[in-house]
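Quick mapping for you: the protein sequence lines, in order, are chains Y and L.
For the first sequence, the working numbering assigns the number 802 to the initial residue and increments by one for each residue that follows.
For the second sequence, the working numbering assigns the number 2 to the initial residue and increments by one for each residue that follows.
Be a bit skeptical, because a hint or two may be false.
[Said to hold, decoys possible] If you only want the chain L side, here are some residues facing chain Y, beta carbon under 10 Å, derived:
#, residue
1, Y116
2, M200
3, R208
[Unchecked claim] Computed far set for chain Y versus chain L, every beta-carbon distance over 10 Å:
#, residue
4, I903
5, E910
6, G913
7, G939
Hints are computed from structural coordinates only; laboratory data are not their basis.
Cβ atoms here follow ideal geometry from the backbone N, Cα and C, with glycine treated the same way.
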Amino acid sequence: MTDTFYDVMRRQGITRRSFLKFCSLTAAAMGLSPIYASKIAHAMENKPRIPVLWLHGLECTCCSESFIRSGHPLAKDVILSMISLDYDSVIMASAGHEAEAIVDEVIAEHKGKYILACEGNPGLEQDVTGGMSCIVGGKPYTAQLRAAAKDAMAIISWGSCASWGCVQAAKPNPTGATPIHKVPDIGNAPIIKVPGCPPIAEVMTAVITYMLTFEQLPTLDRQGRPKMFYSQRIHDKCYRRPHFDAGQFVEQWDDEGARQGYCLYKMGCKGPTTYNACSTIRWNGGLSFPIQSGHPCIGCSEDGFWDKGGFYDRLSDINQFGIESNADEIGMGAAGLVGGAVAAHAAVSALKRTQQKGDEE
Amino acid sequence: MTTMATKPHNEPAVYVYEAPLRLWHWINAFSIIVLCVTGYFIGSPLPTMSGEASDHYLMGYIRFVHFTAGYIFAIGFLFRIYWAFAGNEHARQLFMPPIFNREWWGGVWHETKWYFFLTKEPRKYIGHNPLAVLAMYILFVWIVLFMIVTGFALYGEGTGYDSWQYTLFSSWVIPLFGQSQDVHTWHHAVMWVMICFVMIHVYVAIREDIMSRQSLVSTMISGWRTFKDNRSVDDGH
Chain Y
802 MTDTFYDVMR RQGITRRSFL KFCSLTAAAM GLSPIYASKI AHAMENKPRI
852 PVLWLHGLEC TCCSESFIRS GHPLAKDVIL SMISLDYDSV IMASAGHEAE
902 AIVDEVIAEH KGKYILACEG NPGLEQDVTG GMSCIVGGKP YTAQLRAAAK
952 DAMAIISWGS CASWGCVQAA KPNPTGATPI HKVPDIGNAP IIKVPGCPPI
1002 AEVMTAVITY MLTFEQLPTL DRQGRPKMFY SQRIHDKCYR RPHFDAGQFV
1052 EQWDDEGARQ GYCLYKMGCK GPTTYNACST IRWNGGLSFP IQSGHPCIGC
1102 SEDGFWDKGG FYDRLSDINQ FGIESNADEI GMGAAGLVGG AVAAHAAVSA
1152 LKRTQQKGDE E
Chain L
2 MTTMATKPHN EPAVYVYEAP LRLWHWINAF SIIVLCVTGY FIGSPLPTMS
52 GEASDHYLMG YIRFVHFTAG YIFAIGFLFR IYWAFAGNEH ARQLFMPPIF
102 NREWWGGVWH ETKWYFFLTK EPRKYIGHNP LAVLAMYILF VWIVLFMIVT
152 GFALYGEGTG YDSWQYTLFS SWVIPLFGQS QDVHTWHHAV MWVMICFVMI
202 HVYVAIREDI MSRQSLVSTM ISGWRTFKDN RSVDDGH
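Same shape as in the complex, but just chain Y (with noise of 0.2 Å):
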């Protein structure tokens, strides 16, 4: 049998102090009560731990990066290592034939019972031109990914890459990069969306966990993302609100509101329209987030934030006139033309009704 969460939590030297701290932590971040803090722990103690495979794709290892650098040392060295168990070309400390093989192991010893967690999305011209980008153990990675999605229990779709296309996919995405829910022939089985770029590493352990703890997946939005933790926006949980609402904001970078800790409304903040937990849990241990640092919200956890025009800019560009100009600037544009063509068309039926006039007379 394999290990429980807990035999791999011991064996990396964690106490059971912290160990519980971690469960009544997820707990909190899941939006449980305090009896579920038991549960977990009880799950992580009896259950067998899920054959996780994490693969990567065209990315830029930053969902990585975040994982590793959990505030909580238990997300860190229990959920990683157990990830790292089975196979993360990016951490693994073995490589070649061998540590290739363990993919095609795991599909086959765990089938329909693993969780294929998608780090990165393949590009699809690889299946167009047999161009050779993202070659994973002398394989194009659409086939890895394939192979490895058919038989898995459910795929999560680490940040936003997997998710959206992310960076990778912005015009004119030369690779066709594609975020997993729309690569063709991926099976079947379900997928989880967990965006950010890169999501919240408390967010990233506790999707496991809850998937541990109750055997099932998380409640999702309509757009695949857990609602536990993506079904407010950052705007609502944010603790500048009051500043938006007085009507303070942050005019230019080194002004006054800027000192004051105004609302970054202006300056492009993108909190109004993102769905995140960053202004509830916050970054690096709960320490901060873009926000309280001063820096306006890029919206990072969002389909398309990448072309959508300038991170600091109130108003998204609209590309569709082959310029760059807002909503304001072509409405404007187009309000002036109406006004012009009102004024001429006056003018004329003017002119023409005073000569029917002289024309009767």
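With chain Y held as given, fit chain L onto it using these hints.
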């Protein structure tokens, strides 16, 4: 051109717009103005207020007015749909352009020529002229629907999961557009379509009042359509 407004005639006036419809028209017009102004200031807020945050609630008030006007606008539109059934035949015209009627398209063409100064005289209508029906159907009815649906989808984001606004609107509109910011951009851009419509609408109403063969502006105030000549009308009523 033989007849003009100055010539005496005895064409009877026709009661076209009933009181509830007229009231809706002006409430709707007022709410559109309020929505455009407050909406613009939500997208591009006024200069920063100084002092303590607890002393001000400017953005809050602007948003409150926007949401209230939005409700009035939406409820008004629902009433307008109801009135299409409950009101007289002219109340239905806005929602059903007779697009399968060749003669009606002929009317659209004639009215278009009238606007390009290619014909000497417009036709005479008790209801709207065909071009007006077409323009209002496309640029008013559908734009209003679009603004109500996207508006409530954005509002539902604030009221949150399990609110009826979220369930009815946000839950499907936001994924349809991609993400919340896209819905904002569209809601914002289409506001300008609405502004263009209002500009044309006001201009045309005044121009028709002066140059066509029937009354326009006063009709939306009193309800009575009066005529400037006593030849027969062209819309078969």
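Against the structure, the hints:
With 10 Å as the threshold, the beta carbon of Y116 (chain L) comes within range of chain Y, its nearest partner Cβ sitting at about 8 Å, so the hint holds. For M200 (chain L), the interface hint holds, the least distance from its beta-carbon to any beta-carbon of chain Y being 5 Å, beneath 10 Å. Residue-level restraint check for R208 (chain L) holds (minimum Cβ-Cβ distance to chain Y is 6 Å; threshold 10 Å). Distance check on I903 (chain Y): its Cβ is at least 37 Å (rounded) from any Cβ of chain L, clearing the 10 Å threshold; non-interface status holds.
For E910 (chain Y), the condition that its CB be more than 10 Å from all CB atoms of chain L holds, with the nearest at approximately 37 Å. For G913 (chain Y), the non-interface assignment is confirmed: its Cβ lies about 29 Å from the closest Cβ of chain L, beyond the 10 Å cut-off. Every CB of chain L is more than 10 Å from the CB of G939 (chain Y) (nearest about 37 Å), matching its label as outside the interface.
Against the hints set out earlier in the document, no violation occurs for any number.
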